[in-house]
Amino acid sequence: MRVALFVTCVNDTLYPDTGRAVVTLLERLGVEVDFPAAQTCCGQAQFNTGYRYETEPLVRRYARAFEGYDHIVTPSGSCVAMVRDNYPRIGEKAAAEGRGDELAEIAASVVPRTYELTEFLVDVLGVTDVGAYFPHTVTYHPTCHGLRMLGLGRRPVELLSHVKGLELRELPGADECCGFGGTFAVKNAAVSAAMGADKARHISETGASAVCTVDNSCLMHIGGTLARLGSQTRPVHLAEILASTEEHPYAPGGIR
Amino acid sequence: MSGGTYLGMPAFPEAASESTQNKQLRANLTHATHTIRDKRAKAVAELADWPQLRAAGAAIKNRTLRHLDHYLEQVEAAVEAAGGHVHWAADADEANRIVIDLVRMTGETEVVKVKSMATQEIGLNEALGEAGIRAYETDLAELIVQLGDDLPSHILVPAIHRNRSEIRDIFAKEMGNWGRPAPDGLTDRPAELADAARLHLREKFLRAKVGVSGANFMVAETGTLVVVESEGNGRMCLTLPETLISVVGIEKVVPTWQDLEVFLQLLPRSSTAERMNPYTSMWTGTTDEDGPQTFHLVLIDNGRTDTLADTVGRQALRCIRCSACLNVCPVYERAGGHAYGSPYPGPIGAILTPQLRGTQSKLDASLPYASSLCGACYEVCPVAIDIPEVLVHLRERVVQGGEVTLRGSRTTIKPAKGHAAERAAMRAARWALDHPAALRGGQRLAARTRRLHPKRLPGPGKAWTETREVPAVPAESFRDWWQRTRGKETK
Amino acid sequence: MSTREQVLGRIRRALADVPHGETPDDVPVNRDYLRMHGERSAEETAELLAENLADYRAIVHRTTTAELPGRIAALLAGRGAGRIVVPAGLPPEWLAAAEGVELVTDTAALTHRELDAVDSVVTGCAVAIAETGTIVLDASPDQGRRRITLVPDHHICVVRVPAQVVDSVAEGLERLDPARPLTWISGPSATSDIELDRVEGVHGPRTLEVVLIHE
Ligand code: SF4
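Protein chains in written order, with the working numbering: chain A, 46 to 301; chain B, 10 to 500; chain C, 827 to 1041.
The hints are simulated quantities; they were obtained by calculation from the structure and are not laboratory data. Any given hint could be a false lead.
Partial list, computed: chain C residues near chain B (C-beta under 8 Å) [stated by the list, open to error]:
hint: 1; residue: Q832
hint: 2; residue: H846
hint: 3; residue: G847
hint: 4; residue: R857
hint: 5; residue: P967
hint: 6; residue: R971
hint: 7; residue: R1001
hint: 8; residue: I1011
hint: 9; residue: D1019
Just so we're clear, the structure is a prediction, and the values are computed from it rather than from any experiment. For every residue, glycine included, the Cβ atom is placed at its ideal position computed from N, Cα and C.
Let the hints inform the model, and build the full structure from the sequences given.
What follows is the structure, given as structure tokens:
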């Protein structure tokens, strides 16, 4: 089984801890994981803002970078949704524009191999107890892509419920969008901020010491809002919680 | 919002940044949308076969749209065979002219109206007013909007932005100027407000000679029109006048009588969260000695065929105007309906308006961006319109331009103005992302300068840092860590 | 070119992607949804109808054919109804016990204002749908013109059980004739226009009483 990590451009640049956590976690579970350095970005921001043509080279790059891997695992729900929902559309549109089937074939090849981390853990490895230890109160925000597009369902909560020492607090209004939405956060900053403020309020109300998601882009917005409001609740990616053990407990700023 | 016009409204972000500050509006909308959200979920959960009904609803509409010419000819023939008259209007002006002429033929100078999205879309009330014909809105929420010289802000409940005490004030102040005044000592109890409307409008119903309506469905095989409502004002307008004029979008046709078994389950549960709405009227042409003896059906295009020509955007024409997408939309909840600058607010408005009107104006070009793409709308839509998909598709049209159909002609449109800087940034980002070495260079530069990064950014970054901290740039990117610790790079 | 031709022409051009020769039936519609929801005996169906009607604030009464006239008389007396409009074909025995009320028969000549001065209306129905708590009128002789069940403030509607009761919307539609003017009624008139919360009683009858007669 050849497994590649697609760390995503946001994590690569801003949240390397999350990438390291995925590597730690998978290796602990006996999975050998590669990081093909040709990878960069899935093209989500470009595509969702309307720049489909600017996205196409990134689709090709993704396919080249991950050629030959059985599983492409990524700690970002929205990037998986981009590949799964939109790569086929990009392929279809290119074909309809008379530019051949290349992109459609790429989509057909990468879509079934691309997994969000919790899908990979639960569906491919068949584990829900990853032997993690995280002695804190945590609330889980199911991001829109994870909830509605990927249908992650109970997978993340299942995984969290097996983490030793972790106390899960239910988040009121969990299914409501945090207001990030990529370029939406700056194009419609006022509405985005209003949504973020409501999400932050709900999170603070849980009294949890950490809020986790399967996506650092939403977490950047949520965490940024919480910090500005002076909240004590920290944003933590789910992977970092799962990577944390009694021997190597989670520490902000990175494991190892 | 007043003056009753959408003309000259600012783009969505500007309008919304103002309305999000309006505490009263926010409170009214949050209260109303959250009330209906939970109820809808319950009403839908009652039916074990909801996913199948939803799929069938979408499929029936797809069948209709792919053969729309056939079904329109069929419904036209059936309505005429049942004693009705059918008129065709290519755009709003033509539709308004037809209705004005029809009213003039009756010699009347006033009409009673059932709430209809189509007549709002074409601005019928204003056109009638200019022709010296007074149109009385009879739906409670439309009455509130009309008396308040306001604009509708919701498909189902046009006055959703008003709470009960605001409604009380409007009734107390304005009813007297339009007819029977509100009773003295009117309070803000909803039942009392409804009663005031009953008394105020009864007089108008009893004397009306002309009724104007829309329709929720037209059945092609039988020529039957269907109006779904709650209050009974629809029944009043559809049965008491001598002449009935129904203005209906061409996409409202459904093929068969049996098809109603799907939509009469999908619509009430999705819109008012009821098993069934209080009143549904169905009529086929005219009936001797019962109801209007003259019936006109005005079929309007007004941008629908342009929408139909877009194979991705076409699905917006499946919409049955239930408003479920508005009620779950976090953007609508905070921005309010007026920011969308058309009678179609919320998610459906964000995909329908730029297709019906085109994306030329600044406002219309901003609508596809009025969404975080959270997908809540798609999840509740009873005819499975993938609103996020269409939003992104229309964003492409805005920034890339391309081939579209405008008023029936294929045209190539240019990218919308005001996206030049963004386009350049996207190209630059794409270039860097297609060159991992360049990406790495950028990451290292950012890491080296990380202590200098300001907390508040100027320019476009300001929109972020106004309410959020910027993430700190780490000392080492993931890719550098991997290379340092794992040594070998694959490929 | 007429507007009709223009619009139909636009539609045909817009549908250039639809393969030539495709017919409406070539577009699949899967009707694998349920014809009715749940299994019920006839008695359970009537019970569900009563429950759902009451849930939307209709007042439900259950009686027998023999006791119907007495029940109607009591209901009218209870409201102090003096003038009643009745459809021309209402079974005369239904009102046999109603004393001291003036009967106004539904005719084309009746004016709207005369109708507005009436207290109550008594009708039969075409079909009743249990799953949604709906009664449907089709303007048959025992139901009359549409307006008589609209303008008065009080409507008594008689439903024959089990003959007129169906389970579902699908079964209801099947029994109805689209050529007739149809009015579907689910509870008294209501509105959700104030803060999206339901309030009963706007323009239609504010009191709806449904009498289920078990035959
Ligand atoms: S788009 Fe769907 S959810 Fe929104 S109003 Fe139309 S039918 Fe209802």
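Structure-based check of all given hints:
1. Q832: The hint holds - Q832 of chain C has a Cβ within 8 Å of chain B, the shortest such distance being about 6 Å.
2. H846: violated (12 Å)
3. G847: violated (12 Å)
4. R857: At 6 Å from the nearest chain B Cβ, R857 of chain C passes the 8 Å test, so the hint holds.
5. P967: violated (12 Å)
6. R971: holds (4 Å)
7. R1001: At about 12 Å, which exceeds the 8 Å cut-off, the nearest Cβ of chain B leaves the hint on R1001 of chain C violated.
8. I1011: holds (6 Å)
9. D1019: Holds, about 4 Å.
Comparing the model with each earlier hint shows violations of hints 2, 3, 5 and 7; every other hint is respected.
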